[in-house]
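K.L.:
Build the complex: two chains, separate frames, hints provided.
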Amino acid sequence: MSSNRFNSYSDLGIGIGLRSVHLPRIVETLPSVDWFEVISEAYMVEGGRPLAWLDQVASHYPIVQHGVSLYPGSAQGLDEAYLQRLKELTRRTKTPWVSDHLCWGSIDGTVSHDLLPLPYTKEAVRCTVANIRRAQDILELPFVVENLSSYAEFHASTMSEWQFLCEVVEGADAGILLDVNNIYVSSANHGFDPYLYLEQLPHERVAQIHVAGHSRSGKVIIDTHDHPVCDAVWKLYARAIELCGKTPTLLEWDADIPDLETVLAEAHKARRYLTPQPVETRHAG
Amino acid sequence: MPGEMPLLALQQHMLRALQEPLSGESRTRTSLVPGPEGASPVVSQVADLLLTPSASLRPAERLELYHRQYWFRLLDALAEDFPALQRWLGADAFWDLAEGYLLAHPSRSFTLRHLGYALPSYLPDHAFRNPVAALDTAFALGLALLEVALCQAFEAGERPPLAGAALGESAIALQPYVKLLSLDYPVDTFWRQRRLSSARRARFARAQPRTRCLVVYRRGSRVEVERVPKAALAILVALQNTARLERALEEVATVPGLLRRQDQSRIADWFSQWVARGWFCAG
Ligand SMILES: [Fe+2]
Chain S
0 MSSNRFNSYS DLGIGIGLRS VHLPRIVETL PSVDWFEVIS EAYMVEGGRP
50 LAWLDQVASH YPIVQHGVSL YPGSAQGLDE AYLQRLKELT RRTKTPWVSD
100 HLCWGSIDGT VSHDLLPLPY TKEAVRCTVA NIRRAQDILE LPFVVENLSS
150 YAEFHASTMS EWQFLCEVVE GADAGILLDV NNIYVSSANH GFDPYLYLEQ
200 LPHERVAQIH VAGHSRSGKV IIDTHDHPVC DAVWKLYARA IELCGKTPTL
250 LEWDADIPDL ETVLAEAHKA RRYLTPQPVE TRHAG
Chain B
0 MPGEMPLLAL QQHMLRALQE PLSGESRTRT SLVPGPEGAS PVVSQVADLL
50 LTPSASLRPA ERLELYHRQY WFRLLDALAE DFPALQRWLG ADAFWDLAEG
100 YLLAHPSRSF TLRHLGYALP SYLPDHAFRN PVAALDTAFA LGLALLEVAL
150 CQAFEAGERP PLAGAALGES AIALQPYVKL LSLDYPVDTF WRQRRLSSAR
200 RARFARAQPR TRCLVVYRRG SRVEVERVPK AALAILVALQ NTARLERALE
250 EVATVPGLLR RQDQSRIADW FSQWVARGWF CAG
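Chains S and B supply the protein sequences, listed in that same order. For the first sequence, numbering that gives the first Met the number 0 assigns the number 0 to the initial residue and increments by one for each residue that follows. For the second sequence, numbering that gives the first Met the number 0 assigns the number 0 to the initial residue and increments by one for each residue that follows.
Bound-form chain B, shown alone (with noise of 0.2 Å):
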């Protein structure tokens, strides 16, 4: 008997019904109340099983409005924080990506903040419905990597600043709002343009892969994004695994090529700049 469905059922039967794709016109964001064929078989079979009729709505109506509520709401935490990558792959098939998404990776957090962290572990993995989406992809990944770390860059922590003097005696960390990306394409440059022809669109389309090394951190409250060499971005992330200068700089040095002469001079100018910028905290 529906009457007698303990609580944990009931809220598991609605809950994934909610979790079910939207179908028919709720696909098209409308403020149109759910008509009879809005709802798939499982939302209406399992509204019928929980819940009464309105003088105006029958049960299935009545949950599919619950229905694109979940659905819109998720939809629109992506589009927010991935506005490049959506501008990337057009509307359609952001939407393909974010529906598969979300169906792999249902939210776990209180926040909608951390919708999309795990969104560049599964766009590699995303069968998109139009072909042509999917030979964009390398590009696509590096955009959501690019758009994960500045979400992250804004919220994060920020620990006492070491002075440059602590640098040498003591275990060094990054702060936890410096994130650091090598990424294959010119994503940034993408990232900064916010309207764009298509002839544009297409030059991208057509970079070559070629590593762009990038500094995501946050400055005062805004979140800025930065070029660096890769020598200065092999020095961070060394830092990052060994939390000792000296071993850092060590490990630099051992890759063949990595370091070149104008490099070395520039070390203690980077460094003098990370210092300013209070990149460092205790490790």
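Chain S on its own, in the form it takes in the complex (with noise of 0.2 Å):
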């Protein structure tokens, strides 16, 4: 696996992401998958019944967290009390790193609880690095940035996503969570190349994968997370291995969630991607 200090060196194989409807699942049969990427903001809270799971299925399995209320675009500085209950958090799933995602998402007091995309502005990138470092300084584990899926690209812009991706996480010395079904996303509604994308990306610095399925609405494609990956996106993972070495992959499966078995059958297919594929023996005569 691709260990660097963005994933604490960590060689996590495939995981999935750990939902509700499969716990009871998961704690009776405590089935084959390296590790579970779980929703931090699910588990911030006091007590009951999403810590006590949380923590059951802690001792089994390595937890990862990944977020979707840090924004550390906002152009107003981070929730200081969100970074404090985030870390509380971290000390109890023990998480080699914490990702979220290139987005904003709050601004004066209100929450849009939505990934909203930036300007790829230099205004953007030294906010999202100040962002990104002062939740360094809190957490004192490695951040790791996620690609968004966007639908909308502003007249500000100056500069391409991929080049603001790398600006930001050269800037604040960050890692990246690639999510390559986001790359194919974007570049179906931007009409940008997305090989063009993964080529121009500083690969030692992606510390984890993100892949899922998305549906197709009329004129756009929508990051769904409701679908079996499909084989465009499989291809482009094959490619993101093959320019990042094997990275810890997680498969995304959030609506029409199906039974725990065909999720992990799911991830379980980036294995022929991750393994090498034993070459065909040719027999002459």
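Since the hints were made in silico from the structure, they are not lab data. Cβ atoms here follow ideal geometry from the backbone N, Cα and C, with glycine treated the same way. Please note: incorrect hints may appear among the correct ones.
Unchecked claim - Which residues of chain B face chain S? A partial, calculated answer using Cβ under 7 Å:
id	residue
1	LEU6
2	GLN10
3	GLN11
4	SER55
5	ALA103
6	ARG107
7	LEU149
8	PHE153
Stated by the list, open to error - FRET-style restraints, in silico, Cβ to Cβ:
id	chain 1	residue 1	chain 2	residue 2	range
9	S	SER7	B	ARG221	20 to 26 Å
10	S	ASP230	B	THR27	31 to 37 Å
11	S	ILE256	B	ARG259	31 to 37 Å
P.N.:
Encoded structure:
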């Protein structure tokens, strides 16, 4: 696996997102999977069932925290109380790194609960870098940013998405959670070459990869996480592994969630790209 | 020039547009991409100011995708936390209420779990579009209070429980997962009915106001709702206020007619049950 300082030199293989519908089955059957990713905010509570389940799963599997509300691109800085609670949870889960999205989502105290796209400008780079540095100082763990699926582009942008991502992670000395499905979705919506995007990234910073399914809705592709991974995304994934090396990989399936076995089977399809395939022996004559 | 708009102003413009009520076909949940008539004038204006068109979508159509996402995510979260209130009001009146509520109380928390906490304080002032829904507001308020208590008890913390012998000696508090409610209607009975005929609903609508005392609490990881006698609830409320067992009992005893003869003999049983459930912690 691509062990680097952004994933705490871990050798995690294939994981799936921990979803509440699967919890009883996971605890009962302890399925074969290397790790689980949890949505941090779902467990930033004082007590009750969520934490009881989390502790049970964490006693059997490594847990990695993935957040949706840090909003590193927020023009007004980060919510310090949120950061403290996030840090408390990291002590419980012993997550080797913390990830969130390259987005904003809250302003003047109002929270959108969405992952909103940023304009790709120097000002947004400066702001996002400062916020991520603040998060790293508080969390004292590697911080890893995920590229978004987006449906909008700003007049204000002065660079490409991959240039923006590079400038942010290099400025903040952060890792990348490379979501290959998101690259695919955005490339289709905005008309760029997803392979060019992949090639331009600092591959040594890729700490983790996401694969997921999406939906086509007329003129646009929406990142719905409600389908198996399509062939085009697996192809992109294969290229990402060539460029980054074997990297901890996680399947996201968040809507119309099928049974645990189906999700695991889909996730394990990643194995064929992570483990060298046996070369067919040719017999002459 | 839009290209020079500071990041803060851009984010303020965009969030303000997302908070505009949905209009036109966007109000019906649809997987279709927004059409030209989907976006409201404010959304179109902000979209033109901030966004470029794509090969297939105009700026307003692109922003409308986020606009719908904002509203449906929040409406879904409220519907998930208030299923009984939605059953009581019906889908249209519930949306009407939820929309008014979100306009008055946009989310201020990192988590959607707290989104509906202020709904009971907002509900009495909401001007329902359908006046029939307004008639049912008192019952709806009881349901909203019950469902907020359920959400709070679900995720509240748990502190080391006190043993019975410690109750008389130290300051006492109730566990954070124990919520006390005194409601005017049998909303707990309604809440338990997962399916409801219109005749049955009408019976609830005719219910006369009469105090129902409820404790919402967590047992293991399950949240339970239990009716308790008026005097029992009064003792728990007094304990919450005074933190002292003796003072709480005195306070309840001074309310005329509250502690009936049969209640007095049951106080010890109530306490032993509450202690066994671990409801008390150090205050
Ligand atoms: Fe992702």
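K.L.:
For every hint, state whether the structure bears it out.
P.N.:
Results for each hint:
1. LEU6: holds, 4 Å
2. GLN10: It holds, given that the least Cβ distance between B:GLN10 and chain S is near 5 Å, below 7 Å.
3. GLN11: Hint holds; B:GLN11 Cβ to chain S Cβ min 6 Å, cut 7 Å.
4. SER55: holds, 4 Å
5. ALA103: Where the cut-off is 7 Å and the nearest Cβ of chain S is about 12 Å from B:ALA103, the hint is violated.
6. ARG107: holds, 5 Å
7. LEU149: At 11 Å from the nearest chain S Cβ, B:LEU149 fails the 7 Å test, so the hint is violated.
8. PHE153: holds, 5 Å
9. S:SER7 <-> B:ARG221: 20 to 26 Å: At 37 Å between Cβs, range violated.
10. S:ASP230 <-> B:THR27: 31 to 37 Å: holds, 33 Å
11. S:ILE256 <-> B:ARG259: 31 to 37 Å: Violated: the Cβ-Cβ distance is about 52 Å, outside 31 to 37 Å.
Comparing the model with each earlier hint shows violations of hints 5, 7, 9, 11; every other hint is respected.
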